[in-house]
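> So the chains spell out like this:
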Amino acid sequence: MTVTYSSKVANATFLSFHRLLLRWRGSIYKLLYREFILFSLLYSVLSIVYRFVLPYNEKRLFEKLSLYCDRYAEQIPVTFVLGFYVTLVVNRWWNQFLNLPWTDRLMFLISSCVHGKDEYGRLLRRTLVRYVNLTSLLIFRSVSTAVCKRFPTIDHVVEAGFMTPEERKVFENIRSPHLKYWIPVVWFSNLASKARQEGRIQDSIDLQNILNEMNVFRTWCATLFGYDWVGVPLVYTQVVTLAVYTFFFACLIGRQFLDPAQHHPGHDLDLYVPIFTLLQFFFYCGWLKVAEQLINPFGEDDDDFEANWIIDRNLQVSLLAVDEMHMNLPHITKDMYWN
Amino acid sequence: MTVTYSSKVANATFLSFHRLLLRWRGSIYKLLYREFILFSLLYSVLSIVYRFVLPYNEKRLFEKLSLYCDRYAEQIPVTFVLGFYVTLVVNRWWNQFLNLPWTDRLMFLISSCVHGKDEYGRLLRRTLVRYVNLTSLLIFRSVSTAVCKRFPTIDHVVEAGFMTPEERKVFENIRSPHLKYWIPVVWFSNLASKARQEGRIQDSIDLQNILNEMNVFRTWCATLFGYDWVGVPLVYTQVVTLAVYTFFFACLIGRQFLDPAQHHPGHDLDLYVPIFTLLQFFFYCGWLKVAEQLINPFGEDDDDFEANWIIDRNLQVSLLAVDEMHMNLPHITKDMYWN
Amino acid sequence: MTVTYSSKVANATFLSFHRLLLRWRGSIYKLLYREFILFSLLYSVLSIVYRFVLPYNEKRLFEKLSLYCDRYAEQIPVTFVLGFYVTLVVNRWWNQFLNLPWTDRLMFLISSCVHGKDEYGRLLRRTLVRYVNLTSLLIFRSVSTAVCKRFPTIDHVVEAGFMTPEERKVFENIRSPHLKYWIPVVWFSNLASKARQEGRIQDSIDLQNILNEMNVFRTWCATLFGYDWVGVPLVYTQVVTLAVYTFFFACLIGRQFLDPAQHHPGHDLDLYVPIFTLLQFFFYCGWLKVAEQLINPFGEDDDDFEANWIIDRNLQVSLLAVDEMHMNLPHITKDMYWN
Amino acid sequence: MTVTYSSKVANATFLSFHRLLLRWRGSIYKLLYREFILFSLLYSVLSIVYRFVLPYNEKRLFEKLSLYCDRYAEQIPVTFVLGFYVTLVVNRWWNQFLNLPWTDRLMFLISSCVHGKDEYGRLLRRTLVRYVNLTSLLIFRSVSTAVCKRFPTIDHVVEAGFMTPEERKVFENIRSPHLKYWIPVVWFSNLASKARQEGRIQDSIDLQNILNEMNVFRTWCATLFGYDWVGVPLVYTQVVTLAVYTFFFACLIGRQFLDPAQHHPGHDLDLYVPIFTLLQFFFYCGWLKVAEQLINPFGEDDDDFEANWIIDRNLQVSLLAVDEMHMNLPHITKDMYWN
Amino acid sequence: MTVTYSSKVANATFLSFHRLLLRWRGSIYKLLYREFILFSLLYSVLSIVYRFVLPYNEKRLFEKLSLYCDRYAEQIPVTFVLGFYVTLVVNRWWNQFLNLPWTDRLMFLISSCVHGKDEYGRLLRRTLVRYVNLTSLLIFRSVSTAVCKRFPTIDHVVEAGFMTPEERKVFENIRSPHLKYWIPVVWFSNLASKARQEGRIQDSIDLQNILNEMNVFRTWCATLFGYDWVGVPLVYTQVVTLAVYTFFFACLIGRQFLDPAQHHPGHDLDLYVPIFTLLQFFFYCGWLKVAEQLINPFGEDDDDFEANWIIDRNLQVSLLAVDEMHMNLPHITKDMYWN
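Chains as they are written, first to last, in the numbering used here: chain A, 4 to 342; chain B, 4 to 342; chain C, 4 to 342; chain D, 4 to 342; chain E, 4 to 342.
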């Protein structure tokens, strides 16, 4: 589930962001503590070897190596590479959020434009809405690992009531080597057209509006699928990861405290704990983790979109809207400000 | 209320921006003075300790520590991290502004396409418009802390005239674990459809246009909710905050004026007041404050959007437009340029 | 009026941009010469004081101060802060240009879809188009200082023929504490609806298309108003201004030519005129001036949008299109390429 | 004509971009060779003067000046200023490409929805399409220098068959001080409306769709005009140009090879040809040339859009589509995959 | 085929990106190994020459040259130039993905709005859909090298069943020097209009919706063509390539390990393998390769879009949807949640 903290930062008060530093769920600490322990461990080992194990000449050699590493560590353009890359990933992530398929627009139209309170009318509306939900479910199954775990086979889809057994037969009889999420959309458009012929949809403009909304819905689904199918090019991700890893590899050696007695420039002080390097570890790795978390927002991270919740919410709400609430209006009375 | 200063900068005259530096409301000074006092205090304490408390050897140690901190303070990429982060936050903030729900588009359509000057016609138009306002109110209640304070319960919504008591009953009888802001939209679309059947809306194209505008309105509401629900990932905010805080922590020690007698490079001068560090504090913390202020624009900051004002304005204006002003046109006469 | 120079740079020829450096209107020189003189003056005064007034010891102190200032001047991230800020301002400026309200789309529709060459038909079309122009005028009055000077009261609006005296009465009788630019839009939509009832607009689809275009027009107006109302957050502007001013304050002292005899590093040469600092003044202040000029494009700068011209052009052209040119077609004849 | 090289880089093979370095048309070499020669010449002259002309003391002075220039050359933020500026210009350039007016969308609609194979039907369709082409021609005349050369007066427009002599009279009788490209659009919409009255356009929805497409077309034209009218603010262009020119002015002096015998730091080697400075000249000036070339894409550069070709293509193709091809369908037969 | 790895990074776990470093297909290693070998070879040769071939004086000269190169290598702004350039290329690449022409939206409309289960109805629907597929095929032929190889001539298009021999004759009889991909669109719109006259399409609104969707489809095709036709300006690509190549040319000499005995600053250590330069080679060249790979996404790279697959999928799916599945609905039954 997404970590919502906006109410915590409604007002910009005294040190207001500092409170965010003390959270655990979805925080940088939770995401990074393992890498941090590993890094600290490696650093300590190297530090101990340098201080207690190496003989005199090897110590001097290590110092030269350390200075060499430090010099190049500063030349690695981690900041820029990360800045451009994270901007790309964040934009993609937000566009995926904007393309989550919600049934609301369609259910309002179906509820108001597919007429008839009798059983056939109810059947029509419920079936249309079910096809809509089925389409998004089929897409979510190939996009989200969480949904895939819940509905591993078409059997589970039928069991959950998104598809009737008969529909399943028809669905499986259609032979196509390609993903079949478009099949319920064809059913939907043909059923709507049939409803128009039978006069359940009064006018062609109503029909076209419903079909257009369905196409909007389908485009959301297809866009989500597109984002999953065509990700950030692997090479780009590798370049960024390599840059960050190289930087910290260079820091492991280059940020060791060297013997102050050797008077290497900038090495007058032995603090044992490389506090700023550890903080840099938090910035850069944290920044990279932002990307790792957002690059596929349909996993099971703390900050990922809960696809299963969306599926359930859509089904429940849309059936309510087109069936129980169809032409079931509260009595119209004068409001408080009448005259 | 938003701080508007555009009329102050209409022309780019001599030092025109410098006038902006002298404002208090919504200014960097108002937002930062507490943090600034804290920072100055800590800096002074450290300075006094260094100058008057520490014995000779500890002074030398402190100087080494100071040089070490100063060296690393410059390596912290505050500028970039802030640049990319603030750009992200500013974009989100502006998109939220663009998605504020205004009833204007709908009220024009309802006023001109739902016919009948009789009481039922008035009832129809007023009720439709009330549902529109109700939808946005329900969303604002979960998005804005100010609106939430004003309408803590559904009782307050009913009292303020956005909902009739009967509607409230129906509203509460609909069982759904999810946010119910979509219920008035279903009412709206069904009522519009009923008006079409009764001939109050003349044509299906009029109906569809009204339903489409309602869907636009609903999408604004849903988008606002989305921005509140799925914020900038917590990790990103933490990374930025950590970077800025670390930088100033390093500055506290690293920017102390060291004893010129020790001839540390760049420490020939003892000014007592670290004027440039304090100015840097203003840039960087001010930049971070831009983000703090905009990350949730529905709080009660000087620069936040006034949701309560929007709600009142929408209700007043839209009732006027669909009732009093319906088919209440000024007499058409020839204009000045006739022939 | 906007400074148009695109025809000057149609081709990328030998040193083609250098010609742009020699213009005065809308140029960096015209915008900056006052600040430049001030800066040069202050620099000269300091230089004279240092060279001829200060005694020996104070000179040495000043030199230390100068080196200190120079060192920190380089740490101020003017480039980045300006880069991100100007990008934001330029984007807003261009969006404002894209949202300027033009009557063209509406006048084509009204000219072709509101029928009748008789006086009532002419009245209808002219009145509809006048309401459109009135809406944009009301918005421009609160957005643009130039328009506000020309139409300080509603009287001036009536005198200029945008409103009839009768409309004015109705306009002022509508009691609303909020900006009233939406009133002509309600009139427009009701009048269009009336024309539909009377058969002057033949079909509901024609009516809806006209109403939709009117909503597009209104949205342009509202967006312009929004850009004026909710500007770039004041804090951001202050941060940037502070950064630039601090930088040049530091330069005033830090970029003085120190006595070469003192052998301060990088101070072997005394040129008297700090040519590169002056050039930097042009870059950075010029960059800031870009922002100052564009942050409110409805002032009276050389590069601002001429709102008054837009208002006149819209009125003249739209009355022509819907009245004189209505169904006044040139005879249709075969063109040159017939067969 | 645009330089298309995408087929050359279809695959990312061994050193694939290096092949692009060897092209002449539209290349950096063709654009820059004149400036490059000038820069080399000036550099050589200075170099010769320093080496052979200046006496001993002036040589030492020149060396100090050179070191001073070199130091400040590095402080000029050419990279950033160029990065932000070129990004702005490239975005504008691409948006201009996206707004090029193509008649395709309209010609499909006119071909299929304006009925009648008789002469009057042909006349109607051809005239409608001609008005469309005329609109874009009038805009291109004020935007593109190449089109302006080809059609310097309205006479040339009439001669080329875009306007009949009678239309020209009507066109010139309409008195308006403003650009008149909207006149053919009014003709178009009135003629379409007339065709609807006469039953040549069957339904109002067909008419409205055609009018909407015409408005899309007009908006493309108006947007192109807007990009030409309101360019990148002159100040911004001047800031960037100044920055680049100053940088190379500083390099002319600062990058001279100083006498190694003087042991100036970083001047141990005399290569005579400042290879890296020349390469920097190529990067930065090349980057600026990208902007110079794209800032007005309607000139006659190698990479500019060929407006004349677009005009001819549009006319030829659109007349074909609405006349010869109107209801001239190939016989419908069963395709290969039937059953 | 695009390299999909999103399921590998669904969760941000311990070192989750490091797994991506070990892939071969579409990886940085596969793309760069040839350049890497070349670079290493040249570096080694230079190293050997310096160490074993050069006599004493030439060694000293080489060292000076190396220091000179190293100093300038750091001044080349590879990071920025690449950052801005790659951002541009990535945006274009993604927009091309978003404009891939999918037949889905059209096939739903045709399947539901073109009536008749008889042979003529089937013929109509199949032909309409075939024209849609033909349009995209004609565009893909000029955009994608892979499609061009598969369909080198119109003969191949006819053989593959996208065009009947008769259509081919008509197609070739239409004389136009311009690309002819718009011809099937004219056929499509005329055939749809004919179907409307014959009552196969029931209402004008259905027809207009179909024509609008066809225009959307055509715009996708035209946009793809535009991206291919008007690429990133050649000069920009050359600037970036030059910058990267120059940088590595400077590194070849400047990053040699110099004899520690000469005590050049920063050259105390001889590691033989310039590990950080090689890593920098991977970042920068990898970053450039991102651009090389994406600048034309219709080639045959690992990460390119598979145009041939899209063509086959579209044809197969769209024929299924409009023919077999037309009004072939599963029986409507009550769903699980009925009451």
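The set of hints was computed from the structure by calculation and includes no laboratory data. Check before you lean on any hint, since a few could be wrong.
To list a few chain B residues with every Cβ distance to chain C over 12 Å, as calculated [as the list claims (entries may be wrong)]:
| no. | residue |
| --- | --- |
| 1 | K67 |
| 2 | G164 |
| 3 | Q319 |
| 4 | S321 |
Which residues of chain E face chain A? A partial, calculated answer using Cβ under 7 Å [as the list claims (entries may be wrong)]:
| no. | residue |
| --- | --- |
| 5 | T7 |
| 6 | N14 |
| 7 | P268 |
| 8 | H270 |
| 9 | Y275 |
| 10 | V276 |
What the simulated footprint calls covered on chain E by chain A, stretch by stretch (three residues with Cβ under 8 Å from a Cβ of chain A suffice, anywhere in the stretch; the number is not a length) [as the list claims (entries may be wrong)]:
| no. | segment |
| --- | --- |
| 11 | 80-92 |
| 12 | 290-303 |
| 13 | 326-338 |
Just so you know, even glycine gets a beta-carbon here, dropped at the ideal spot from N, CA and C.
> The structure should be examined with respect to each hint, and the outcome stated for every one.
Hints, one by one, checked against the model:
Remark: the non-interface label on K67/B is consistent with the geometry, its nearest Cβ contact in chain C lying 20 Å away (cut-off 12 Å). Every C-beta of chain C lies more than 12 Å from that of G164/B, the closest at about 17 Å, which supports listing it as non-interface. Residue-level check failed: Q319/B sits 6 Å from the nearest beta carbon of chain C, not beyond 12 Å. The claim that S321/B is not at the interface with chain C is violated, since a C-beta of that chain comes within 12 Å of its own (minimum 10 Å).
Among the interface hints, the one on T7/E holds; its C-beta lies about 6 Å from the nearest C-beta in chain A, closer than the 7 Å criterion. Of the supplied interface hints, the one on N14/E holds, with its beta-carbon coming within about 4 Å of a beta-carbon of chain A, less than 7 Å. Residue-level restraint check for P268/E is violated (minimum Cβ-Cβ distance to chain A is 10 Å; threshold 7 Å). Annotation: H270/E was flagged as interfacial toward chain A, and the flag is violated, the nearest CB pair being 9 Å apart, outside 7 Å.
A cut of 7 Å between beta carbons decides the hint on Y275/E: the least distance to chain A is about 13 Å, and the hint is violated. Among the interface hints, the one on V276/E is violated; its C-beta lies about 12 Å from the nearest C-beta in chain A, farther than the 7 Å criterion. For the segment 80-92 of chain E, the stated coverage by chain A holds: 5 residues have a C-beta nearer than 8 Å to a C-beta of that chain, and at least 3 were required. By the rule of at least three residues with a Cβ nearer than 8 Å to a Cβ of chain A, the coverage given for the segment 290-303 of chain E holds, with 5 such residues.
Counting residues of the segment 326-338 of chain E whose beta carbon lies closer than 8 Å to any beta carbon of chain A gives 12, which reaches the threshold of three, so the coverage claim holds.
Hint check: violations occur at hints 3, 4, 7, 8, 9, 10; the rest are consistent with the structure.
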